[in-house]
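Undergrad: Let the sequences and hints guide you as you build the complete structure.
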Amino acid sequence: MKQLVIISGKGGTGKTILSASFASLARNKVMVDCDVDAANLYMLLHPEIQESHEFSGGMKARIDQNNCSRCGECQDHCRFSAIHEKKDGEFIIDSISCEGCGVCYHLCPVEAIKMKKSLSGEWFVSRTKYGPFVHARLGIGEENSGKLVTEVRKKAKELAEKNKLDLVIIDGPPGIGCPVIASLSGTHMALIVTEPTLAGIHDMERVAQTAHHFKISTACCINKYDINPENSAIIENWCQKNSIPLMGKIPFDEDVTHSMVNLVPLPEYSNSAASKEIKSIWNNIKKLIVLRGE
Amino acid sequence: MIVSIASGKGGTGKTTVAVNLALSLAENQPIQFLDCDVEEPNAHFFLRPEITKRKEVSLPIPEIMEDKCTFCGECAEVCAYNAIAVLKDNVLVFPELCHGCGGCSLLCPEKAINEKGQRIGDIEFGTANDIQFIHGKLDIGQAMSPPLIRQVKKHMNSTRTIIIDAPPGTSCPVVESVKGSDYSLLVTEPTPFGLNDLRLAVETLKKLDIPCGVVINRSDIGDSQVEEYCHEQHIPILMTIPMDRKFAVAYSKGETIIKTQPDYREKFQELFRKIAAIKK
Chain R
0 MKQLVIISGK GGTGKTILSA SFASLARNKV MVDCDVDAAN LYMLLHPEIQ
50 ESHEFSGGMK ARIDQNNCSR CGECQDHCRF SAIHEKKDGE FIIDSISCEG
100 CGVCYHLCPV EAIKMKKSLS GEWFVSRTKY GPFVHARLGI GEENSGKLVT
150 EVRKKAKELA EKNKLDLVII DGPPGIGCPV IASLSGTHMA LIVTEPTLAG
200 IHDMERVAQT AHHFKISTAC CINKYDINPE NSAIIENWCQ KNSIPLMGKI
250 PFDEDVTHSM VNLVPLPEYS NSAASKEIKS IWNNIKKLIV LRGE
Chain U
0 MIVSIASGKG GTGKTTVAVN LALSLAENQP IQFLDCDVEE PNAHFFLRPE
50 ITKRKEVSLP IPEIMEDKCT FCGECAEVCA YNAIAVLKDN VLVFPELCHG
100 CGGCSLLCPE KAINEKGQRI GDIEFGTAND IQFIHGKLDI GQAMSPPLIR
150 QVKKHMNSTR TIIIDAPPGT SCPVVESVKG SDYSLLVTEP TPFGLNDLRL
200 AVETLKKLDI PCGVVINRSD IGDSQVEEYC HEQHIPILMT IPMDRKFAVA
250 YSKGETIIKT QPDYREKFQE LFRKIAAIKK
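If you read the protein sequences in the order shown, they are chains R and U. Heads up: the first sequence begins at 0 in numbering that gives the first Met the number 0, then just goes up one per residue. Heads up: the second sequence begins at 0 in numbering that gives the first Met the number 0, then just goes up one per residue.
Since the hints were derived computationally from the structure, they do not count as laboratory data. The hints are all genuine.
DSS-like mimics (lysine-lysine), calculated; alpha carbons at most 30 Å apart, straight line:
| no. | chain 1 | residue 1 | chain 2 | residue 2 |
| --- | --- | --- | --- | --- |
| 1 | U | K205 | R | K85 |
| 2 | U | K205 | R | K86 |
| 3 | U | K205 | R | K59 |
| 4 | R | K278 | U | K252 |
| 5 | U | K245 | R | K248 |
| 6 | U | K178 | R | K116 |
| 7 | R | K59 | U | K153 |
| 8 | U | K206 | R | K146 |
| 9 | R | K285 | R | K154 |
| 10 | R | K128 | R | K285 |
| 11 | R | K116 | U | K206 |
| 12 | R | K113 | U | K178 |
| 13 | U | K178 | R | K85 |
| 14 | R | K275 | R | K128 |
| 15 | U | K205 | U | K266 |
TA: See below:
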């Protein structure tokens with residue numbers, strides 16, 4: 000069983016459009032949405048939720064005002080500026096800033112602080128016409144998205160093994176930080192979707208370096224390559240120089256937006272230029288994953 | 000006034016709005032620009048600042064003094080992030096899990112833990128068209144961006160109008176970036192993904208008690224649901240920018256809308272006047 004993750008560095012380059020297209024083109028796979036704080040893949044896959052699970056990423060501190068002696072020790076030692084003194088001398092914890100380290104809880108001389116598990120999201124196992132789909136919803140403004148990604152991926156892998164499916168396809172988050180690292184780790188290949196803009200190139204380089212840092216092999220494709228052919232040529236050269244195989248170049252195509260507005264994966268909506276190129280990218284990826292072996 | 004530019008969904012045009020707004024205002028008022036998308040900072044491609052100073056940012060991680068350590072395990076016990084493991088005669092520290100809370104060194108009964116700085120990235124300072132420019136750059140392989148974002152924001156200069164370019168999403172890096180703003184501009188596109196992520200962003204700002212308005216970018220590519228949602232929720236739509244291949248091509252080269260089409264300068268100034276009026 001292989002795991003393919005789709006990442007980009009920069010947001011909005013087409014990860015989810017590509018993932019949904021692969022959902023429609025690939026056989027025998029589990030789909031996963033690891034962009035847990037702005038999840039969109041479910042909108043194109045129309046899941047029927049079979050199981051939902053609560054996710055608790057960490058703890059939050061809370062002050063029991065009845066026991067608090069208002070000494071301020073907690074505030075002095077909180078490195079996340081999560082404890083504030085109100086005008087009336089009452090100390091309160093801003094749960095959004097609290098990272099749950101528990102330093103205040105350990106230090107409070109009158110034991111007025113309690114640590115409580117915080118419910119920070121939900122994850123789901125669903126049935127779709129494309130096969131099993133594992134997805135999640137991180138609570139608003141919550142942390143620990145990396146942990147939630149790990150949780151979701153564990154379940155997807157389990158499902159793939161149980162059902163003897165060959166592949167797990169992961170729609171990854173933007174950026175290069177915690178949820179991206181959690182999405183990358185242990186995958187067989189990362190497909191980087193970039194666009195021919197200075198920002199797209201810069202962000203592709205950083206996310207490729209991140210994948211390389213964690214020893215994950217990469218492949219690349221360019222979306223809207225015809226917006227700036229010179230920049231696309233720069234990307235192609237860069238890929239060649241870094242031995243990153245280029246899987247294809249998707250042209251700018253209004254059908255991409257139309258398919259999304261109609262909530263249908265592109266290959267099922269249209270056979271336009273972008274759709275054809277994505278099919279060819281999928282065929283190239285398939286070959287590459289088989290070639291690269293275990 | 001502090002105005003942050005956020006979006007939920009990536010690639011909707013946060014940086015475009017932030018840099019064009021900053022450049023349009025800079026003629027008439029002192030501006031400071033903070034790029035808080037420290038994982039993938041891009042504003043410098045458009046503002047092209049001359050970088051004059053660089054500062055390394057590090058996170059305090061524990062360093063065990065083996066001659067004092069009795070391997071009692073207290074540090075591993077108090078660490079909420081499983082960043083320390085104590086074996087029979089060895090202590091392992093996992094820096095990538097450490098949040099730098101200082102609990103272990105504070106609570107070690109033998110005072111056997113020092114903190115040493117571990118590099119997580121850089122902050123760069125510069126100027127561009129009289130705009131004070133600051134951005135953070137997270138090192139490759141580092142998981143945690145919020146501590147770096149906090150450091151970038153420590154350099155806020157309240158004598159200026161501050162414009163913050165936030166990262167995409169709705170989780171901790173976004174919260175860290177927009178926290179303390181007087182107003183947030185949410186940049187979206189009129190598509191189902193745009194709407195879904197706009198909703199999440201609005202919820203995030205509500206939780207933080209920050210008032211917000213919307214800019215609809217590529218306003219003619221999709222459907223009308225974003226508009227309908229904004230009307231229902233009484234969220235003002237402060238600006239719309241139509242899809243224009245010219246803008247997309249300019250963006251790809253690191254060029255601004257106001258350079259491509261100078262009458263947009265007035266539109267971005269108008270956008271700011273609307274925000275100022277709401278804040279009054």
